[in-house]
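Visitor: Sequence:
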Amino acid sequence: SSPKTLPSLPIDEKMILTSNGMLELTALPKKVAIIGGGVIGVEWASLLNDFGVDVTIVEFLDQLVINESQSIARELQKQLENRGIHIQLGAKVEQATIKNKQVALTIAEQTDPLIVDKVMVAIGRQPNVEAIGLQNTSIKYSAKGITHNAFYQTTEDHIYAIGDVIDTLQLAHVAMKEGIIAVEHMAGLPVAPLNYNDVPRCTYTDPEIASVGYTSSNYPQDRDVKIGRFNFNANAKAIILGDTAGFVEVLRDVVTDDIIGVSIIGAHATDMIAEMSDAMYLDASATEIGDAVHPHPSLSEAIQEATLDNPPR
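Residue numbers for the sequence shown follow full-length UniProt numbering, beginning at 1 and rising by one.
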């Protein structure tokens, strides 16, 4: 895949850059505006802030990381702002003017421009379906990606497509699993399609975000769902580590006791989510996770406590 761009922000990879250009920088700018508050945008903001760069995130929507729950997004915004990162939500960039080795961004309904040394456009990635020879095949595709079946077989059955070039989660571990399924299908081995609802989603900010399944903002409203929550400021290991920001949310179907979603924001969230991804894959109930002995002191106890919050009736 390749970075998406905006007509109002012509990319030169010198002053207005994509993630590709940012990786080629040989010196840190003093001030950077990141256009886009999705996963790529917040990860870069967190990284650059660690390096001492003055960062402003400009996001058109009314929350960061729109695919996560509102509670997770609010906590992330709070933690990033506590670190000194500036965040503008509901903000539309209309124009960029380069002058005196700086960029002045005109933002709708704002009198003064935002003046920075570099602008990074981070509004997502698009599949590379053009100029790779697809026009010489009968493979069906669109701007969203290549058409495929459950085993990643395209409309030319001897050609398979996986990863960012298809319309699935753009995550390395997803592409790896898709590749395994595709190769096993090629070899004629019995293989089950991937259930994307069981796939963990990870955002490598500080604090980290990890989730699997539904969130507290998008679960089916026709299901009776209880949301258990536990804050890391009451977790012994988090206190020992001196990093108590964040919480765990567990969504439980009241009727079946199934775990239908988990969201974590906090230290080592991307490591902790594996337990709940496995639990959903193995169809473990919230009660079973809550009853299982978790080591003390450990961050994983926050997962146990969240599953025990709002226990089954």
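Please note: incorrect hints may appear among the correct ones.
Pair by pair, the computed Cβ-Cβ distance ranges are [as the list claims (entries may be wrong)]:
#	residue 1	residue 2	range
1	177	229	49 to 59 Å
2	115	155	41 to 51 Å
3	242	159	45 to 55 Å
4	97	255	52 to 62 Å
5	5	256	19 to 29 Å
6	188	92	50 to 60 Å
7	157	177	36 to 46 Å
Listed next, the in silico BS3-like pairs over lysine-lysine satisfying Cα-Cα at most 30 Å (straight line) [claimed, not checked]:
#	residue 1	residue 2
8	237	226
9	177	144
10	78	4
11	92	78
12	140	4
13	4	177
Don't read these hints as lab results, they were simulated from the structure. Backbone N, C-alpha and C define an ideal beta-carbon position, used for all residues, glycine too.
Visitor: For the pair supplied as a hint, residue 92 and residue 78, confirm whether the alpha-carbon distance does not exceed 30 Å.
Guide: holds (21 Å)
Visitor: Residue 237 and residue 226: Cα distance at most 30 Å?
Guide: Holds: residue 237 and residue 226 sit about 26 Å apart, inside 30 Å.
Visitor: Holds or violated: residue 78 with residue 4, Cα cutoff 30 Å?
Guide: holds (27 Å)
Visitor: With a cut-off of 30 Å on the C-alpha distance, tell me whether residue 177 and residue 144 pass.
Guide: Since the Cα atoms of residue 177 and residue 144 sit roughly 20 Å apart, the hinted pair holds (cutoff 30 Å).
Visitor: Given the hint of 36 to 46 Å, check if residue 157 and residue 177 actually sit that far apart at their C-beta atoms.
Guide: Violated, since residue 157 and residue 177 (Cβ atoms, about 21 Å apart) do not stay within the stated range.
Visitor: Note whether the CB distance of residue 242 and residue 159 lies within 45 to 55 Å or breaks it.
Guide: holds (52 Å)
Visitor: CA of residue 4 to CA of residue 177, is that 30 Å or under?
Guide: With a Cα-Cα distance of about 25 Å, the restraint between residue 4 and residue 177 holds, given a limit of 30 Å.
Visitor: Within 19 to 29 Å or not, the Cβ separation of residue 5 and residue 256?
Guide: violated (45 Å)
Visitor: For the hint 52 to 62 Å, verify it against the beta carbon of residue 97 and that of residue 255.
Guide: holds (58 Å)
Visitor: Between residue 140 and residue 4, is the straight-line Cα distance small enough, at 30 Å or below?
Guide: holds (22 Å)
Visitor: Holds or violated: the 50 to 60 Å window for the beta-carbon distance between residue 188 and residue 92?
Guide: Between residue 188 and residue 92, where Cβ atoms are some 52 Å apart, the hint holds.
Visitor: Has the hinted range 49 to 59 Å been met by the Cβ atoms of residue 177 and residue 229?
Guide: Since residue 177 and residue 229 have Cβ atoms about 30 Å apart, the given range 49 to 59 Å is violated.
Hints 1, 5, 7 from the earlier list are contradicted by this structure; the remaining hints agree with it.
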